[in-house]
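J.: Taking the hints into account, I'd like the entire structure generated from these sequences.
The residues making up each chain are set out below.
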Amino acid sequence: MKWLPYELHTHTPHSDGRHSLMEMALEAKKLGLQGIALTDHNTMSGLADRDEVQQETGIAIIRGLEWTTFYGHMVTLGLREYAEWRDLGPDDIHKGIERVHRQGGIVGIAHPFRMGSPICTGCHWEYAISDWNDIDYIEVWHSLFPPIRNHNAPTFAMWTDLLNQGCRIPASSGRDWHNSKPNDDPAAASFLGIDEELAAVDMEQAAVDAIRKGRVSLSMGPLLLCSIQISGETYGLGQTVPVSGKELSGSASVIIELDSNVRKGSWTMPKQTLRVELVSNKGVIGECSLSADDTAISCLIDTKGLLWLRAQLYGTFHECSTMIAFTNPVYFGKFTE
Amino acid sequence: MNTLLKVKGELSPVCSKTHITYSFYIPEGVTELHAHFAYSPKVLEDAEKSKELVLESLAAYVEPHLLPVYRDKWESYLPLNNLITLSLDDPQGFRGSGHRHNPDQRYILSEQEASPGLERGPVISGMWKITLSVHCIVTETCDYELQVWEGEGTL
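Going down the list, the protein sequences come from chains A and B.
Under the working numbering, read the first sequence as residues 1 to 337, first letter to last.
Under the working numbering, read the second sequence as residues 338 to 492, first letter to last.
No wet-lab data here; the hints were simulated from the structure.
Check each hint, because a few of them may be wrong.
[Stated by the list, open to error] Per the computed footprint, the stretches of chain A lying under chain B, defined by three or more beta-carbons under 8 angstroms from a beta-carbon of chain B, are:
#	segment
1	35-43
2	82-89
3	115-129
4	149-155
5	184-190
Computed from a predicted structure; not experimentally measured.
We put the beta carbon where it would ideally sit given N, CA and C, even for glycine.
T.: Below is the structure:
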């Protein structure tokens, strides 16, 4: 498993973005990213240059598009061809999702709490969802400097609430990249846990698989990972700690790893003591301090009644006291993936 | 040039979130397709109406505890715009979409060339569809014009 930083929400002049796919891939490289998903509004024509851009820049490109509909924006990734949305009414989203899944693609709700029409047409999510298991991921962090954006707070709360209800739904970040300016606020990256065997055969599917299974860690700076060690086994992001018979009780160690060498040169952070919170369906169940030079620490937690557990990193970043990174959850349940 | 479709229409706010689809026939031997689509006005100039719509939106979309802060800066959401986007289907399926904010749009499609948003390829004979997706109309009325023609030359 290797963790590669991706930007999962981008536009080119094939819809309303400013930079071409080549220009964006070169910018992505400067930002230390390994891949992007091209998600133009309602078209895939910008992907005509994909092979050339991948070869020239080394940036892996996931094929996708952003369904830019009247009742919500939905990012679709891993598509081979366009999937129809124009016949979908506010109660028909599952019919649309089925068209994406049939192609082997995945769907993510984009910026669900952004303001809608007429301020931003269709930007606020209004589709009725009857089965959350049909939604492959949620863009929990949207835009530049996402932790300080007001519209991401209700998304974060909604995601947490869904996890508490037992939904295993991954979170992603998406810059919604339309252009680049010299003094842009910091961007977050979605670090995808790439299965190297799958990547050797199909890099795009390996990236899509990582998102689908929740092997995603989001960060504006260092890569934050968390895993649980129990009975000699280790369970990472998106994986399920098996619980047999009665609920799991007792203690387990949580390993928190921090890698400050990722995307080197494209972010900075003042020297400081950082704080990691271990958050679960039972609230915050652990807390520890560490420095950016620490690579791994462990702490003991009580596993009784846990459904999920994730790590959240806090500190000063870009002159703000803020959340800097968070992981997708490790789950607890009756089966392994 | 040979005109294949020429239409005009008038929209109002109730047309928001609707699609208008025109079907038209393309005969054998066409190699280059052109379209011009324009709508006007783009912007809601009425200051009173703009304020009313922004405040309505804020009440609908902003978390209640933040509402006073947003109401104070309601002018930052101006101007409010009409948005209509165009998409194209050939007899075999989707051929692309122009999700643009400019209200005056030109398109070309042939085997060699395609405007951004459209898929390059042969202009096959049969029934084609051009769809106007009316995302939002904020002005009392909004006039549009659409013309499609084949062959070289401009309007």
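J.: If a hint holds in the structure, say so; if it doesn't, say that too.
T.: Going through the hints against the structure:
no.: 1; hint: 35-43; result: holds (count 4)
no.: 2; hint: 82-89; result: holds (count 3)
no.: 3; hint: 115-129; result: holds (count 8)
no.: 4; hint: 149-155; result: holds (count 3)
no.: 5; hint: 184-190; result: violated (count 0)
This entry does not satisfy hint 5, going by the numbered hints stated previously; all others are met.
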